[in-house]
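Chain A is already provided as a structure; the job is to place chains B and C on it using the hints.
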Amino acid sequence: MAASFLFSQFMGGLTTAMFLFLIASGLSLVFGVMRVLNFAHGSFYMIGAYLAWQAMQWLHPLAAGFWPAALLAALGVALLGAIVERLLLRHLYGREELYQLLLTYALVLILGDVAKFIWGTGQLSVSTPPGLGGSIQILGTTQPLYSLFIIALGPAIAVAGWLVLNRTGAGRMVRAASYDREMLDALGADVGLIYTGMFVVSSFLAGLSGALVTPIESIVPGMDVLIIVQAFIVVVIGGMGSLWGTFWGSVIYGQVLAFGILIFPGFSLFSVFALMAVILIVRPWGLFGRPV
Amino acid sequence: MPRRGSGLIGHIPWTLIVFLLASTVPWLGSRYDTFLAGQIVIDALFAVSLNLLLGTTGLVSFGHVAYFGVGAYVCGILMKTYGMPFIVAFPAAGIGAGVFALVSGYFCVRLTKIYFAMLTLAFSQIIWAICYKWDAVTGGDQGLPEIPYPNLDWMSVIPGLGELTDSARFYLLTLALVAVSLAVLRRIVRSPFGRMLTTIRDNPERAAFIGLNVRAYQLAAFVIAGAFAGLAGALYGIFSRGVFADYVFWSKSAEVIIMTILGGMDYFWGPPVGAMALVWLNQQITDYTQYWPFVLGSLLLLLLFVFPGGIVGGLVAGFRLARRRLVPRNA
Amino acid sequence: MLEVRELRKSFAGFVAVGGVSLTVADGQIAAVIGPNGAGKTTFFNLITGHLRPDGGRVLLDGRDITGLAPHRICHMGVGRSFQRTNIFPRLSVFENLQAALLAHHRRGGDFWSDAGLFYRDDTEALLVSIGLETSAAAVAGTLSYGNQKQLELGIALASDPRVLLLDEPTAGMSATETHDTLRLLQRIAGERGLTLLFTEHDMEVVFAIAEKIAVLHQGRLLAEGTPAEVRGNPEVRRVYLGGHH
Numbered sequence: 033m034a035a036s037f038l039f040s041q042f043m044g045g046l047t048t049a050m051f052l053f054l055i056a057s058g059l060s061l062v063f064g065v066m067r068v069l070n071f072a073h074g075s076f077y078m079i080g081a082y083l084a085w086q087a088m089q090w091l092h093p094l095a096a097g098f099w100p101a102a103l104l105a106a107l108g109v110a111l112l113g114a115i116v117e118r119l120l121l122r123h124l125y126g127r128e129e130l131y132q133l134l135l136t137y138a139l140v141l142i143l144g145d146v147a148k149f150i151w152g153t154g155q156l157s158v159s160t161p162p163g164l165g166g167s168i169q170i171l172g173t174t175q176p177l178y179s180l181f182i183i184a185l186g187p188a189i190a191v192a193g194w195l196v197l198n199r200t201g202a203g204r205m206v207r208a209a210s211y212d213r214e215m216l217d218a219l220g221a222d223v224g225l226i227y228t229g230m231f232v233v234s235s236f237l238a239g240l241s242g243a244l245v246t247p248i249e250s251i252v253p254g255m256d257v258l259i260i261v262q263a264f265i266v267v268v269i270g271g272m273g274s275l276w277g278t279f280w281g282s283v284i285y286g287q288v289l290a291f292g293i294l295i296f297p298g299f300s301l302f303s304v305f306a307l308m309a310v311i312l313i314v315r316p317w318g319l320f321g322r323p324v
Numbered sequence: 012m013p014r015r016g017s018g019l020i021g022h023i024p025w026t027l028i029v030f031l032l033a034s035t036v037p038w039l040g041s042r043y044d045t046f047l048a049g050q051i052v053i054d055a056l057f058a059v060s061l062n063l064l065l066g067t068t069g070l071v072s073f074g075h076v077a078y079f080g081v082g083a084y085v086c087g088i089l090m091k092t093y094g095m096p097f098i099v100a101f102p103a104a105g106i107g108a109g110v111f112a113l114v115s116g117y118f119c120v121r122l123t124k125i126y127f128a129m130l131t132l133a134f135s136q137i138i139w140a141i142c143y144k145w146d147a148v149t150g151g152d153q154g155l156p157e158i159p160y161p162n163l164d165w166m167s168v169i170p171g172l173g174e175l176t177d178s179a180r181f182y183l184l185t186l187a188l189v190a191v192s193l194a195v196l197r198r199i200v201r202s203p204f205g206r207m208l209t210t211i212r213d214n215p216e217r218a219a220f221i222g223l224n225v226r227a228y229q230l231a232a233f234v235i236a237g238a239f240a241g242l243a244g245a246l247y248g249i250f251s252r253g254v255f256a257d258y259v260f261w262s263k264s265a266e267v268i269i270m271t272i273l274g275g276m277d278y279f280w281g282p283p284v285g286a287m288a289l290v291w292l293n294q295q296i297t298d299y300t301q302y303w304p305f306v307l308g309s310l311l312l313l314l315l316f317v318f319p320g321g322i323v324g325g326l327v328a329g330f331r332l333a334r335r336r337l338v339p340r341n342a
Numbered sequence: 002m003l004e005v006r007e008l009r010k011s012f013a014g015f016v017a018v019g020g021v022s023l024t025v026a027d028g029q030i031a032a033v034i035g036p037n038g039a040g041k042t043t044f045f046n047l048i049t050g051h052l053r054p055d056g057g058r059v060l061l062d063g064r065d066i067t068g069l070a071p072h073r074i075c076h077m078g079v080g081r082s083f084q085r086t087n088i089f090p091r092l093s094v095f096e097n098l099q100a101a102l103l104a105h106h107r108r109g110g111d112f113w114s115d116a117g118l119f120y121r122d123d124t125e126a127l128l129v130s131i132g133l134e135t136s137a138a139a140v141a142g143t144l145s146y147g148n149q150k151q152l153e154l155g156i157a158l159a160s161d162p163r164v165l166l167l168d169e170p171t172a173g174m175s176a177t178e179t180h181d182t183l184r185l186l187q188r189i190a191g192e193r194g195l196t197l198l199f200t201e202h203d204m205e206v207v208f209a210i211a212e213k214i215a216v217l218h219q220g221r222l223l224a225e226g227t228p229a230e231v232r233g234n235p236e237v238r239r240v241y242l243g244g245h246h
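Residue numbers (the numbering used here), protein chains in the order written: chain A, 33 to 324; chain B, 12 to 342; chain C, 2 to 246.
Because the hints were derived from the structure by calculation, they are not lab data. By construction, the Cβ of each residue, glycine as well, lies at the ideal position given by its N, Cα and C atoms. Worth double-checking, as some hints may not be accurate.
[To be verified] Distance windows between CB atoms, simulated: (1) A:Leu-258 to B:Gln-295: 40 to 50 Å; (2) B:Arg-121 to A:Glu-128: 31 to 41 Å; (3) A:Ala-202 to C:Asp-161: 46 to 56 Å; (4) B:Val-110 to A:Ile-293: 27 to 37 Å; (5) C:Asp-65 to B:Val-110: 46 to 56 Å.
[Claimed, not checked] Just so you have them, the derived chain C footprint on chain B, three or more residues with Cβ under 8 Å: (6) 85-96; (7) 200-207.
Here chain A stands alone, though its shape is the one from the complex:
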């Protein structure tokens, strides 16, 4: 196999990985702090994509409409997340986890149909923002600039996230909340605010990644479910609740997907879930998670 072909696959794997990282990081952190596995996270991603498209329609006259549109979309989804957390999720914290899971699943059902209702069932797409539309030659392959942007964005967000969690007061509280919620409560911290904040940030990230994926993939119904399954796998590999775990889990998964398809044509269906099962059996807390 030619080196340039392998390199192309590698870069493709990285691009996939960084998108997944953006989405899965929110999922993982919400689980780490709040012990909630948010099925609707994929729906937030999808809504972010649709909102970005919608914003682009409104901002059409402005040539530089993509970035404001993406930001608007992310903020829109963040708002949605705030509403969901305060109005719905908050009331179920004391109850068994099953109810929280069912709530997020109900949201998947509802949001999926709301999106269908508003934007229909056809494919929508957004053009690549000017400035990142071209491509450059690396090692004899053509790499789209936009992909390179995404590949650079991933680690940037990971580092930024690490800095916030480890170097700021707010970050410390979030980490403390993930270890011992009751203690933090007793110390007078507003745990409710922390939870809302985490959920809003995670929704923002989901909406942002949805918006950013639009130049590369078409927006279709069903993209919510497709992405959430992959986000689950990434989070299991990396370890739920761990930022760097999610990062490296995404990288690994991206490469497995990119190269696995070459070896097995029917790869994605069976092998991905088999991988998830193996990890859950052998090392459920993934690479960087806390031993269960």
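Same frame as chain A, but now just chains B and C:
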């Protein structure tokens, strides 16, 4: 659990009445009504088998449809590909599903809560992928259409059943088999074994220290639930005249969980009531709109926030309230 | 007779229990005391199989039970109550005890009979002995804290133990409740010839009924002996009895 069924309500043999009513459907209703009734009956068994895990043992399985699917395929393959009679294929489906539940359950019960749920989901999707891809055995994405009905000529011996169609006769057979299965499951839930399961649900740590090997009990529950789900699947395959991979898709696992909670997971007859309600509701709604997921999601929200006890839970609470208000205050 | 030899357990470098040895004779009432974080609950968890020790042995009547699974240790005659009340909240009080009896008599393999029919008399007797006859039908989770602790004692007794480990049996109780619980414990231990090992914060409780006291500090045995001996021990006074909790 407080004794229920005291007073007038408790002495009416509800289950017998429902069973008799259900058996009159082929005569009183249309062919479509029979089809719906059969679906309800099969889903009832499927949901009750799940509730052995959910309501009785406290195990939240997201992959219960895997065993339903294994049962459907085992029965379908034995009957269609190998021409075996129903009387062999049906128990084989239960055994096959039970064996698969034993293998997957062994790994699943070593995990707790979210991790347990995710592993059950993973196994379920693996089964789905196998069914979808293994063309030679499962028919791949084409599935196994035209599963033959079992030979039901013997039924014409029973007066009144002679002039029924094959599908109607199979419906009655399904009803009988499900009734027997439910009776067995009910005994299991009320047995000492079932009582041990509820202690594990309430407090696994304490259950271990009254002398229970918690994992062994959980695995046993998992196998029993899986086996009965397999029987339901076998019936479904014949009933729908075909077995297809999308029977095994995870959204069906979500659906059966919703059915169980809709009916009320704290009561043995909750899940069948939930099955009835959901099948009926689905049929009504999909006639008018394509937005069934929206309705289902909203229903789920209603359940979570307003009626956590489900239909049966709500009814029981309502009866208790009414009785307290109607009975004069003494004692 | 319960014998513990050089039991040790560390968590990621932190020594929770560092080589503790203790012997409790048949029918003796012994207490393990120590400040918070001294390792008392960990020590119990090591004995009852909830934790695997890193080293050392636990012997019950000469039999090595180190590291066995909790359910097997339970069947060997060790009963236990937990620091956070551990009952079956959704079952009734009667059902709680009945379930414990069913488990003790290994009836869990019965898939067919009606669970409610078994051991009714034994359950009634147990209810009376712990003083909860009037609450038999109440759902366990709705009981008051004190009653739940009584129920937990009942569950532990249902396993017909020879050795009973009680983790802070009077935690959160008023003075009267504590007094009543003590009398109950003494009576039951006497009636059944139980060997009792309990942890406590309340010094009055300890000195009231314990025949032997072991003092833990930072995972190590600081002192051991009769109440008088321990009271008089200057080390103990310095570390623990100086500031009465």
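Hint by hint, which ones does this structure get wrong, listed from lowest number up?
Going through the list in order, the structure violates hints 1, 2, 5 and 6 and respects the others.
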